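S.K.: Chain by chain, the residues run as shown.
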Amino acid sequence: MSQELLAQLALDLPKGLVRTAVQAPDPVLSTRCVEVDPCDPATVSLAADLLATMAAAPGCVGLAANQIGVGQRVFSLDVSAHSKTRTHHGRFVLVNPVIEQASRNEKAREGCLSVPDFTGDVKRATRLTVSGRVPGTGAAVIITTDAFEARAIQHEVDHLEGLLFLDRAAGAHAIHARQNYL
Amino acid sequence: MHLKSNSVPSVNSYAVTVVGHDRPGIVAGVTGALATHGGNIEDSSMTLLRGYFAWTLLVSLDADLATVETTLAPLAEPNLKIAVIELAPEVTGTQAATHWLSVHGSDRPGIVSAVTAVVAGAGGNITDLTTRLAGTLYVVLADVFLPPGVDVAVLEQQLAAVSAQLGVEVTLRVADNDDVL
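Residue numbers (the working numbering), protein chains in the order written: chain W, 865 to 1046; chain Z, -8 to 172.
Please keep in mind that the hints were generated in silico from the structure rather than gathered at the bench. Computed from a predicted model, the values in this text were never measured in an experiment. You may find that some hints are simply not true.
Calculated cross-link-like contacts (lysine to any residue; reagent style SDA-like; alpha-carbon spacing at most 20 Å) [what the hints assert, rightly or not]:
| no. | chain 1 | residue 1 | chain 2 | residue 2 |
| --- | --- | --- | --- | --- |
| 1 | W | 987 | Z | 164 |
| 2 | W | 987 | Z | 45 |
| 3 | Z | 72 | Z | 105 |
| 4 | W | 971 | W | 987 |
| 5 | W | 987 | Z | 166 |
| 6 | W | 987 | Z | 165 |
| 7 | W | 971 | W | 954 |
| 8 | Z | 72 | Z | 45 |
| 9 | Z | 72 | Z | 32 |
| 10 | W | 948 | W | 968 |
| 11 | W | 987 | W | 965 |
| 12 | W | 948 | W | 1001 |
| 13 | W | 971 | Z | 32 |
| 14 | W | 987 | Z | 167 |
| 15 | W | 948 | W | 1011 |
| 16 | W | 879 | W | 954 |
| 17 | W | 971 | Z | 167 |
| 18 | W | 971 | Z | 39 |
| 19 | Z | 72 | Z | 38 |
| 20 | W | 971 | Z | 45 |
| 21 | W | 948 | W | 975 |
| 22 | Z | 72 | Z | 48 |
| 23 | W | 987 | Z | 42 |
| 24 | W | 948 | W | 919 |
| 25 | Z | 72 | Z | 22 |
| 26 | W | 971 | Z | 162 |
| 27 | W | 987 | Z | 89 |
| 28 | W | 971 | Z | 42 |
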C-alpha cells in the first residue's frame, strides 16, 4: 500500500456530530442509498458525523450513512485497532464505493450497530479491491485489502445496497444472541 | 454384538419432548433416566427460547411406551413438561437444504405463515427453522429443500410480492455446501 494512497485517504475534517444510530427494522436500512457528490460540503459534514458517531460507539469499526438515517453512498471505517486485521488503511471515509474484485470467501461471525441483539455467520471475500472517492477532495482511490478490513468494507457496502448481515445469514442456525456490551 | 436368542429384539423408537423453565441438570437427568433402560439417543435438538428449555430427542430403546413414560415421569416438574411419542419404524430420511431463506422486519402476526405458505405452494419443504424476536425486529431464517423442477425465479417473485405486503425483507439464496478439503 502506498504512502500516497494513505495521504489521499487521511482526512482533515471539522469535528462531526455524534448522531443517533438507526436500528433494524427501520426501512432506511433496507433501501438502496443514492450516489452523492464527494465535494459537496454536505458530504464532508456527513463524513465528519460518521467518524464522530463511529468513535462514540464502543466496538464500532465501520458505519454506513443510512445507519445514521442518511440514504447516501458514504461509509466510514477504522479497523486499525482490531485483532483480526492484517492490512488496513487507517481511519477513512469512502464516497460512492464500488467493489471491483472479491475472492477467497471465508465464513465468520459479525455484528452490527443497527442489529444490536444478534450476530450472524456470513461468508465474505477475504481479498478485496474497492474503488471510491474521498470526501472533500473528491480524489478517486482504489483500495486493495484483505482479512478483517475486507469483511468490514463488504458489510458497509451491503448497507449502502440496503442489505443487512441478516440477509446473508448462512442457514437457519446462523444467527446468535449477542452479548450486549454496549 | 449378539442377537437375542428368542423373541423379537423389540427396540422401539420414541420421540421425547422436554419443554419448560430452564435449570442446570435437565439434560443430565433425562439422559440418565433413559440410560437405565439402555436407551440410545439418536438425533436431538435443544435450545433455549427466551429462557425456556426446549428439547426434542429421538431415542431407541428396548421398552414399551408405558415404561418410558414411567421412567421419565419423576423428572417432570410443574414448569417442566415431558412427553413421549412412539414412532412408527418407517422414516422418510433427511432432506438436505438447497436454499436458505431469510426474512427480517417489523414484528407482526402472520409473517412466518405467509412466507412459508409461498414456499409450500411451490412444493418446497422447510428443513430447519429459527425465528427470533428482539424489540420490534423479527427475524426468520429457514433452510428450504426445493425439489428439482421448481422455478426459483417465479418463487422469488412470489416471495417479493408477499414481503411487500408484509413490509418485510425476504432473501432466498442458494445454500452453500461446505467446501470439502
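S.K.: Which earlier hints turn out false for this structure, listed by number in ascending order?
M.R.: Hints 2, 3, 7, 12, 13, 18, 20, 23 and 28 contradicted; others consistent.
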